[in-house]
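Chemist: Combine the two chains into a complex, taking the hints into account.
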Amino acid sequence: MNIWSMAPSFVRRERASSAATVLAPVVALTVAIILNLGLYVVIGRDPLAVIHAMLLEPFLSFASFSEVLLKAGPLLLIAQGLAIGFRAKVFNIGAEGQFILGAISASAIPVWFPQATGQWIWPAMLLLGAIGGALWASITAFWRVRLNANEILVSLMLSLVAAQLLNYLLLGPWKDPNGFNFPQSVMFQYDAMVPTLISGTRVNVSLLITLALSLAAWIFMQKSFAGYKLQVGGLAPRAAGYAGFSQSWAIWLSLLIGGFAAGLAGAAEVAGPLGQLQRSISTGYGYAAIIVAYLGGLHPLGIIVSALVMAVIYIGGDNAMVSANLPIAAVRVFQGSLLLAYLVAIAFVRYRLEWPQAARKTVHRSPS
Amino acid sequence: MNAIEFIISGMLAAATPFLLAALGELVVERAGVLNLGVEGLMALGAVLAFITVYHGGGHFLGFVAAGLGSAALSLVFAVVALGFRANQVATGLAIGILGQGLSALFGKTYESLTVKALPKLAFPWLSDIPVVGGLFTQDIVVWICLLATLCIWAMFTFSKLGLIIRAVGENPKAAHAIGYPVVTVRVLAIAFGGAMAGFAGAYAAVIYTPLWADGMIAGRGWIAIALVVFGTWLTGRIFLGACLFGAVSLMGLAAQATGMDVPSQLLSSLPYIVTIIVLGIISSNRRLLKLNGVASLGEPFER
Numbered sequence: 001m002n003i004w005s006m007a008p009s010f011v012r013r014e015r016a017s018s019a020a021t022v023l024a025p026v027v028a029l030t031v032a033i034i035l036n037l038g039l040y041v042v043i044g045r046d047p048l049a050v051i052h053a054m055l056l057e058p059f060l061s062f063a064s065f066s067e068v069l070l071k072a073g074p075l076l077l078i079a080q081g082l083a084i085g086f087r088a089k090v091f092n093i094g095a096e097g098q099f100i101l102g103a104i105s106a107s108a109i110p111v112w113f114p115q116a117t118g119q120w121i122w123p124a125m126l127l128l129g130a131i132g133g134a135l136w137a138s139i140t141a142f143w144r145v146r147l148n149a150n151e152i153l154v155s156l157m158l159s160l161v162a163a164q165l166l167n168y169l170l171l172g173p174w175k176d177p178n179g180f181n182f183p184q185s186v187m188f189q190y191d192a193m194v195p196t197l198i199s200g201t202r203v204n205v206s207l208l209i210t211l212a213l214s215l216a217a218w219i220f221m222q223k224s225f226a227g228y229k230l231q232v233g234g235l236a237p238r239a240a241g242y243a244g245f246s247q248s249w250a251i252w253l254s255l256l257i258g259g260f261a262a263g264l265a266g267a268a269e270v271a272g273p274l275g276q277l278q279r280s281i282s283t284g285y286g287y288a289a290i291i292v293a294y295l296g297g298l299h300p301l302g303i304i305v306s307a308l309v310m311a312v313i314y315i316g317g318d319n320a321m322v323s324a325n326l327p328i329a330a331v332r333v334f335q336g337s338l339l340l341a342y343l344v345a346i347a348f349v350r351y352r353l354e355w356p357q358a359a360r361k362t363v364h365r366s367p368s
Numbered sequence: 369m370n371a372i373e374f375i376i377s378g379m380l381a382a383a384t385p386f387l388l389a390a391l392g393e394l395v396v397e398r399a400g401v402l403n404l405g406v407e408g409l410m411a412l413g414a415v416l417a418f419i420t421v422y423h424g425g426g427h428f429l430g431f432v433a434a435g436l437g438s439a440a441l442s443l444v445f446a447v448v449a450l451g452f453r454a455n456q457v458a459t460g461l462a463i464g465i466l467g468q469g470l471s472a473l474f475g476k477t478y479e480s481l482t483v484k485a486l487p488k489l490a491f492p493w494l495s496d497i498p499v500v501g502g503l504f505t506q507d508i509v510v511w512i513c514l515l516a517t518l519c520i521w522a523m524f525t526f527s528k529l530g531l532i533i534r535a536v537g538e539n540p541k542a543a544h545a546i547g548y549p550v551v552t553v554r555v556l557a558i559a560f561g562g563a564m565a566g567f568a569g570a571y572a573a574v575i576y577t578p579l580w581a582d583g584m585i586a587g588r589g590w591i592a593i594a595l596v597v598f599g600t601w602l603t604g605r606i607f608l609g610a611c612l613f614g615a616v617s618l619m620g621l622a623a624q625a626t627g628m629d630v631p632s633q634l635l636s637s638l639p640y641i642v643t644i645i646v647l648g649i650i651s652s653n654r655r656l657l658k659l660n661g662v663a664s665l666g667e668p669f670e671r
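Just so you know, the protein sequences line up as chains U and H, in that order. Under our numbering, residues 1 to 368 are what the first sequence spells out, in order. Under our numbering, residues 369 to 671 are what the second sequence spells out, in order.
Derived by calculation from the structure, the hints in this document are not laboratory data. Among the hints, a few may not be true.
[To be verified] Simulated restraints on C-beta separations:
hint, chain 1, residue 1, chain 2, residue 2, range
1, U, I34, H, G425, 25 to 33 angstroms
2, U, T196, H, D629, 41 to 49 angstroms
3, H, L481, U, P173, 28 to 36 angstroms
4, U, R202, H, I649, 42 to 50 angstroms
5, H, P487, U, R202, 51 to 59 angstroms
6, U, A243, H, L481, 58 to 66 angstroms
[As the list claims (entries may be wrong)] If you want the ones that stay clear, here's a sample from chain U, every Cβ over 10 angstroms from chain H, calculated:
hint, residue
7, V41
8, A108
9, P177
10, M221
Nothing here was measured: the structure is a model prediction, and the numbers come from that model. No residue lacks a Cβ here, since even glycine has one placed at the ideal position from N, Cα and C.
This is chain H alone, in the form it adopts within the complex (with noise of 0.2 angstroms):
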């Protein structure tokens, strides 16, 4: 397999970390909540995947178990940010450390060992084409997290729910005069990134590198939160961003597979590097932040 077959065919899988995490987000910042807490979610959902799965509870009972505990910690930052109205910024910094460190203490036991991946699943005729074929051989996960992108765009682009959402975001007072529960949706919002931000860290940790190690979550979260700057809060250019990742974090391997005389720790810190120039560039045109970003973004909300 040359180096762009091993892009092509692993983009998808690698991409889907950054891709569930920043679905979450996503919909937090539309209902106009910033929750930087994404990188402690995640790790916490990670190491509750990695027992569940190592101690033989399964797959889904690991997403399940990431699921619900990185939406119960998102709720403990929806109480101190929504009902005790503190900084956001400062509360998503506490659940980030919080979350690493109940990873880190729970995971303590677990280090260096290993679980069995999902089993990727051929699409019959299409696996078959040449060069391209492995991007139709992906795990069951992948398949589901294309769909729920499909979903959440859908939501956002034709029901009423996603209109309620990002009424609640642009101006929670307005919102909140014609009847909607702006406090009840940001919960619900927050509570759902949560759990996204959960499955991301599963898929990580049981997954796409079956192995845990502390510290695994490497900075995906954070560039999760970027991905959502880099869509400018549109669904399909999230997901294109997260392929780009998702390439980007394999380039690595890739050149080291080839044997190109690149320290790694330049292939290891290209994502972050990646990020930062993108976020420059896209972060330069004003007017199209402005366009698609969220107006009451990060301030709290008082009747």
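Next up, chain U with everything else stripped away, as it sits in the complex (with noise of 0.2 angstroms):
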């Protein structure tokens, strides 16, 4: 007897239950929400001055709600990247440092070629940063599968190096000589730019191409052979094993595909809304899309969904730093509760909890 057998105790369901997955991002939402207006009355903001620039306000204009929209695209495209990953149980925690690379590889056109002029110069872009972040993301791969290192430590690393390639960068080689001394690129030329989507915002065409590879997403997992195989991978290594499905293809497939995904969202920010190569072309994309990709499921469509929660976040974080004076770094901590209230939500999808009193009359358990 000790005094966890007070405790209720979970129990694991027979079938997973439908009604708790699709009610786990929601409530997890909302004991979120209330958590962390609990804290802002804690640090002496107003909550309902919060909760109208965070919550109301981006839904308020077109304009803000177009900002809300241009902040889900890299959001949506690492996550759905990272999610199939994660399906397999190859947690690449190194978005960041892929889309860091996808920028500084799709910079490298306009910066090297500046006066170059062609429809082709944005689409060579994107398609060179999603190289360029698959590339450092094989380098995880490499020495998960030939040297057997843990790839969450590897791709973190490298997330770490890559920031200090782009300072490097930044204040060296690439700094724009009449730039005033600041740490950023040369701008870019009409060309280089992503064509915009709805005029008058600064919603461009990347977030199409990102709803298209968010279907591909979904049909690669739902109906194909191969994502088949990677799901099978992660729920059952040994069975997958036997079936003849190699681990070092999972881990492959899904650091390049995550690498791609992050790569061409990078080169897809500093192509759009950025129009150069700056030190601070991400606030933790690569971090927050980790989050992205558990509250929506990891699922494609789920985490169409769960984008847009937390581009909202973004967005209304920003509001409620300029109306609320809330510190930025309040939208950290709403990630990082946010996950955490998700991951107990979901735990009553696979069990349900009974009480000691009940658990009595069910014993199943040996004598000891």
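Modeler: Here it is, written out as structure tokens:
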């Protein structure tokens, strides 16, 4: 007898509860909002002003909602790539670095050929960015497959290296000579910019590419044999081994897809809203996308919704910084607590709670 | 002082944040739990210690605040990962993000402020030896950290407690069957690991670089996790690894001081690059990993 027997216990459900699957993210979001509002009260901010700025303002005008769409793009793209790997139990948490390498690779064209013109420039940049991200991720894949090194640690370390590489380029060889010593590249020429999708906003064609790739991710994961093999590898590695599904193949594929998507997102960011390579090209997209992927249930369609939610939090956090004087770090706190709340909520998908009283009637433990 | 002397005298202090956090994570992993939140736990400890010391609480209280705060956050990890049996990788990442966010939130008004570090204590005679003498001139926390290393080594090597922790990590079902409280052991290990990460952050923020800046932990928590792998879950090797990383992080400064024409960004990324390389070298020896590795690391325990 110990203190743990007083607590309610989790009993595995015979089948996952589908109601809980859909409810979990909603409940998690509600709980996270309540917890964070409590925190804002503690640090002396007006919770009503924060709610207004954070959760309502993004929807109140088309201009601000278009910013939500703009923010959702990279989150959606990166999360789709990561979720494929997470389902195969390949934990690529270095999307931040792959995003940065995508942005750097794409910027090579306008930085080296600032006078070039032609409609080929921005598509070439996106392609180059995606390849750059995939190549950066391939280092992790090689380390994992050939050297047996943990992909979580290697991909994360590579993100820290990527951030230093970006700093080096912007303070050194790629610094704009006429940029008043700011750590940023030259402004890109017109043809290096992804065309605008909705006039009057910053939303560009890359959103369409992102949605198309989300559809492709859905087809890949739900309908294709390759996606099936990946999922089996994640759920039952041994069974996958017996069925001849190679784990090395799964690792390479997961990381290359993740790196490709993150790299593309990085390229779309510099060729889109930014128009130049800057130090602050990412506000933690690579890490936030991990939360987006989980909150979407690692499902391509769920991720579309969760990317929008996360984008609202980003834009709303920016608003709250201005109007409610909320430190921008509050967004990171919100992200962390949202993921925690979600992880608790999904426990109810697989388990149901049993209180000790009821548990005693249905004894299924062997006497010890 | 030449570069070699500079590295020898600074190595132990530079190694201390790595070592404290890695020792904590060692105990957690030995109990079969993978807590990837170390970076966030360190960040929270760093800011709590800094605020305490800045407001005149003194270094001792600073470390107490850091230890308690980070242990409390690590208990959130314990509740979610053990209580709700969530995926440990995801839970650890969430704790990491949350801890970094909280540290930035609490530390916002302290940005770029400084506090006074602790004085270095010289060993009589030993500190006067040429070249290596600097090794024996350290602040009190370094000496305590070395003592803690010895204690943890002794605990795993000689004590019954060490045996129980290892049993819980190797085969929780068997440990449960012979009457060991698996969950209690794991929760206590997680709290201990959290407190150690908090101390590590405190050392970084109020002694090693007594200045607050958001993001000042700069990946050291992740390197600490990697150190546990480098050390193949053995205390002595983790100590050597921490010293290596202390030296590597000083090499950058030493190179700059001697006026070498190397971009500073390359020097700052040196610890990360070395981590990647060493991780590859150690991990490719699968026998070595298996020999001392923890069999059920990261797997949830269900009765």
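Chemist: Kindly indicate which numbered hints from before are broken by the structure, ordering the numbers from low to high.
Modeler: none
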